[in-house]
Amino acid sequence: MINYNLYKDMFKNYYRTLVVFAVSRYGVSSDEAEDIVQDIFIKIWNKSEHIEASKVKSLLYTSVRNGAIDLLRAKKRHGAFEFGSVEDSISSNETMETTMIDFEYEIERSEKIRSIYVAIESLPKRCKEIFKKIYFEEKDYYAVALEMGLSVNTVKVQMFRAYTKLRNMLLLIILFFIIYYYL
Amino acid sequence: MKLNKDIQELIAKLNQNSDMKSELNELYKIDQNKAWRKIEKTNKKRFSLGRRISVLVATSAAAIGFLYFGILEKPQNIVITNKIERIAYDKSYIMTSKGEKIEFETDSVKTGLVQYEKGHKFVKCVAEQQQGGIISYNTIVVPKGETLKVELCDGTLVWLNSDSQLIYPSTFKKDSREVELLGEGYFEVVSNAKIPFVVKGDDLNVNVTGTKFNISNYNGQVEKYVTLVEGVVDVEIDNSRNKLIPAEQFRYNTVTKVVTKVNVNPLLYTSWTKDKIFLKDTSLEDIAVIIDRWFNIKVECSNNAIAQELFTGEIYRYDLPEDIMNFITKAANLKWETKGKGSVVIY
Chain A
3 MINYNLYKDM
13 FKNYYRTLVV
23 FAVSRYGVSS
33 DEAEDIVQDI
43 FIKIWNKSEH
53 IEASKVKSLL
63 YTSVRNGAID
73 LLRAKKRHGA
83 FEFGSVEDSI
93 SSNETMETTM
103 IDFEYEIERS
113 EKIRSIYVAI
123 ESLPKRCKEI
133 FKKIYFEEKD
143 YYAVALEMGL
153 SVNTVKVQMF
163 RAYTKLRNML
173 LLIILFFIIY
183 YYL
Chain B
43 MKLNKDIQEL
53 IAKLNQNSDM
63 KSELNELYKI
73 DQNKAWRKIE
83 KTNKKRFSLG
93 RRISVLVATS
103 AAAIGFLYFG
113 ILEKPQNIVI
123 TNKIERIAYD
133 KSYIMTSKGE
143 KIEFETDSVK
153 TGLVQYEKGH
163 KFVKCVAEQQ
173 QGGIISYNTI
183 VVPKGETLKV
193 ELCDGTLVWL
203 NSDSQLIYPS
213 TFKKDSREVE
223 LLGEGYFEVV
233 SNAKIPFVVK
243 GDDLNVNVTG
253 TKFNISNYNG
263 QVEKYVTLVE
273 GVVDVEIDNS
283 RNKLIPAEQF
293 RYNTVTKVVT
303 KVNVNPLLYT
313 SWTKDKIFLK
323 DTSLEDIAVI
333 IDRWFNIKVE
343 CSNNAIAQEL
353 FTGEIYRYDL
363 PEDIMNFITK
373 AANLKWETKG
383 KGSVVIY
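Chains as they are written, first to last, in the working numbering: chain A, 3 to 185; chain B, 43 to 389.
So that you can see chain A by itself, here it is in the shape it has in the complex (with noise of 0.2 Å):
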């Protein structure tokens, strides 16, 4: 049983990280891959009741798989198919099994990176604002602080605020996930 709170709450926390994990992993453009996630969403909503909450997180990754296998197998039919898709990988000589494990490691990779998005978005507002301009568009300190008609000191204390939550937040996951991923 999904209410709307939760729905609305599933979409905020999944939206952004199963349409780029539909893209990376399968290789279809960031539009099909919207579709695909709305889609999933709205058939999501037309049987909530039926949904158990425990069980979204791997029904919606499953989804996304199921959604744009078929769409690719479509377009292969239609002769628009490119090479170099991850679907060549699963039609071909591998395993059911060796797909499943590595579908298992993808999908644990992708939460990791949807854990730091979530714990980013929980950021108080202005905070968030600050951190994401510092750490995504590589802004300094003083460069923020007139932007946003600030003192240098707030920015400062902004990000303070920003790094002690994330930290509080995630810091195990960071750490396991750059040991496990990409050292």
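Because the hints were derived from the structure by calculation, they are not lab data. It is possible that some hints are incorrect.
[Unchecked claim] Here's a subset of chain A near chain B, in silico, CB distances under 10 Å, partners left out:
| id | residue |
| --- | --- |
| 1 | Ser32 |
| 2 | Ile44 |
| 3 | Lys114 |
| 4 | Ile118 |
| 5 | Tyr119 |
| 6 | Ser124 |
| 7 | Leu125 |
| 8 | Lys127 |
| 9 | Tyr143 |
| 10 | Tyr144 |
| 11 | Tyr165 |
| 12 | Thr166 |
Backbone N, C-alpha and C define an ideal beta-carbon position, used for all residues, glycine too.
Given the structure of chain A, go ahead and fit chain B onto it with the hints provided.
Positioned in the frame of chain A, the structure of chain B alone reads:
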């Protein structure tokens, strides 16, 4: 302010890890709000009749492969448990100025006044010879459950929706072509700049020369509206004139007397001439009015919350009313049953 060691470490990790950073960056490029609006829009209750539903299910099943999860059900054959007993409705007819009633449909009619081929739902009016300058008026009456297409003697075409009346002179005056409409009509006026065409409603008049437009002027309807498809019209109300351009809709609220102009898709307001009505966030209350007119069936809602439920979809004139009731109630998780002859209740 002192950064302790693990925070420094975190900063370092976050900054060194460019893959993670670029992946997070990708996430933020996605327009989440736009997607949410789209989803919310679709999630508003939809219903549609069997053939359309099954097409939808078949294509999305192929495209999405969702069947693994039983999230999509197979199209269900709706079993009609309730059969609505219909009240026989009248046929369209013309009431001549002499008080003569000629019913269409029953027979082909070919008098000096009108021509009608049996079964065609198309009436051709013939101009009458004026007798001593006196203009007499004829009334075409289209009851609930019927529609009719009329060709006036100047060649102008008028589609009359159910429960409507068109009063027209046996011959047009030399300086103006005036007709009166109660209910809803879609006009394709033959262009004649010298002799303007005027449609009179009880609250508003529509002045045109040559154009295509729809006017909805039902008795008791709170908001009356004129939708322009092509050309130019001039809506006259309390001596003020309002020009419309194509795809504009003029609305007049008969209670508050407020006048508004909005941009609309004219197709939504003229599709009834092609036996189809599009619903877009239409309340059940308003759908009940449509069903009453088109099928002569009264739909009652057991409470106000139900009456305010919104629906998006389409209704065909040839749909079985039972099907419509089934789809509406299924979409909104409601139930319906017959309540005497020609009447149902939704609860």
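For each hint, the structure was consulted:
1. The interface hint given for Ser32(A) holds, since its Cβ lies 7 Å from the closest Cβ of chain B, which is under the 10 Å cut-off.
2. With its C-beta approaching chain B no nearer than about 5 Å, Ile44(A) sits inside the 10 Å limit, and its interface hint holds.
3. Checking Lys114(A) against chain B: minimum C-beta separation of about 8 Å stays under 10 Å; hint holds.
4. Against a cut-off of 10 Å between C-beta atoms, the interface hint on Ile118(A) holds, since the closest Cβ of chain B lies about 6 Å away.
5. Checking Tyr119(A) against chain B: minimum C-beta separation of about 5 Å stays under 10 Å; hint holds.
6. Given the 10 Å rule on beta carbons, the hint for Ser124(A) is violated: about 14 Å separates it from the nearest Cβ of chain B.
7. Given the 10 Å rule on beta carbons, the hint for Leu125(A) is violated: about 13 Å separates it from the nearest Cβ of chain B.
8. Evaluation of the Lys127(A) hint against chain B yields a violated restraint, the C-beta minimum of about 15 Å exceeding 10 Å.
9. Interface restraint check: Tyr143(A) against chain B, minimum CB-CB distance 12 Å, threshold 10 Å, status violated.
10. Taking 10 Å as the C-beta cut-off, the interface hint given for Tyr144(A) is violated, the closest approach to chain B being about 17 Å.
11. With a cut of 10 Å, the hint placing Tyr165(A) at the interface with chain B holds, because the nearest CB-to-CB distance is about 5 Å.
12. Hint on Thr166(A) holds. Least Cβ distance to chain B is approximately 6 Å, under the 10 Å limit.
In the structure shown, a violation is registered for the earlier hints numbered 6, 7, 8, 9, 10, in ascending order.
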